[in-house]
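A.B. asks: Sequence:
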Amino acid sequence: MFDVGFSELMVIAVVALIVIGPERLPRVARTMGHLFGRLQRYVNDVKADINREIELEELRKFKTTFEDAARGFEGTVNATVDSVQSEVSKTETELNELTKIEGSPAPSGTPQPAPAEAAPQPGEVGREPQGGGPPEKTSV
1 MFDVGFSELM VIAVVALIVI GPERLPRVAR TMGHLFGRLQ RYVNDVKADI NREIELEELR
61 KFKTTFEDAA RGFEGTVNAT VDSVQSEVSK TETELNELTK IEGSPAPSGT PQPAPAEAAP
121 QPGEVGREPQ GGGPPEKTSV
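Going by our numbering, the residue at position 124 of the sequence shown is 124; the numbering climbs one at a time, nothing skipped.
Treat the hints with care, as some may be off.
Lysine-lysine pairs mimicking DSS-like chemistry, simulated, CA-CA at most 30 angstroms apart [to be verified]: (1) Lys-100 - Lys-90; (2) Lys-63 - Lys-47; (3) Lys-61 - Lys-47.
Simulated DEER-style distance windows between Cβ atoms [stated by the list, open to error]: (4) Glu-58 - Ile-18: 44 to 54 angstroms; (5) Asp-49 - Ala-69: 40 to 50 angstroms; (6) Val-14 - Lys-61: 47 to 57 angstroms; (7) Arg-41 - Ala-70: 41 to 51 angstroms; (8) Gln-85 - Lys-61: 34 to 44 angstroms; (9) Asp-68 - Met-32: 17 to 27 angstroms; (10) Glu-97 - Val-77: 24 to 34 angstroms; (11) Ser-86 - Leu-56: 37 to 47 angstroms; (12) Val-46 - Leu-17: 57 to 67 angstroms.
Everything labelled a hint here was simulated from the structure, so no lab data went into it. Heads up, the beta-carbon is just placed ideally off N, CA and C, and yes, glycines get one too.
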């Protein structure tokens, strides 16, 4: 951390022994050790707080990006739903107009279509005609 070598530590220890004295040196060294430990814990706590804040900021950015993408997708879905609803309402209007036209009586000048006598009934589909005539030839 401070890039202090062994020889520099020895010089500091000799100066401390001369200044503090041999009687108080162990107590001062112990106090310095405790203070140094507190300093390390404090620095580690600050680093952890900074890392947490960085991670929170990254999560906030990710959340913002995700919400923007979700809003874009929601807009696309809403536009598609609106388009489909307008098409359905248009088709419904056209269908209502057609049913009104078919349900109204025909003008007196136009002939009514004759009921289809030759049209098969729902239960007769796939049966042969009852006429007894020769069967029709089909080409393969």
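A.B. asks: All the hints need checking, so say for each whether the structure fits it.
C.D. replies: Cross-check of the supplied hints:
A hinted pair counts as satisfied when its Cα atoms are at most 30 angstroms apart, and Lys-100 with Lys-90 qualifies at roughly 15 angstroms. Note on Lys-63 and Lys-47: the hinted pairing holds, with a Cα-Cα distance of about 24 angstroms set against a maximum of 30 angstroms. Taking the CA atoms of Lys-61 and Lys-47, the gap is about 21 angstroms. The hint holds against a cut of 30 angstroms. About 53 angstroms separates the C-beta atoms of Glu-58 and Ile-18, a value consistent with the hinted range of 44 to 54 angstroms.
A C-beta distance of roughly 31 angstroms is found between Asp-49 and Ala-69, which places it outside the suggested range of 40 to 50 angstroms. One distance hint, 47 to 57 angstroms for the beta-carbon pair Val-14 and Lys-61, holds here, with the actual separation near 54 angstroms. The beta-carbon spacing between Arg-41 and Ala-70, approximately 42 angstroms, falls within the hinted interval of 41 to 51 angstroms. Taken as a hint, the range 34 to 44 angstroms holds for the pair Gln-85 and Lys-61, whose Cβ atoms sit roughly 36 angstroms apart.
Here the CB-CB span from Asp-68 to Met-32 is close to 54 angstroms, at odds with the stated 17 to 27 angstroms. Separation of Glu-97 from Val-77 is about 31 angstroms and conforms to the stated range, judged on CB atoms against 24 to 34 angstroms. Remark: the range hint 37 to 47 angstroms for Ser-86 to Leu-56 is upheld by a beta-carbon distance near 44 angstroms. In this structure the hint that Val-46 and Leu-17 lie 57 to 67 angstroms apart at CB is violated, the actual value being about 33 angstroms.
Violation of the numbered hints given earlier is confined to hints 5, 9 and 12; the remaining hints are satisfied by the structure.
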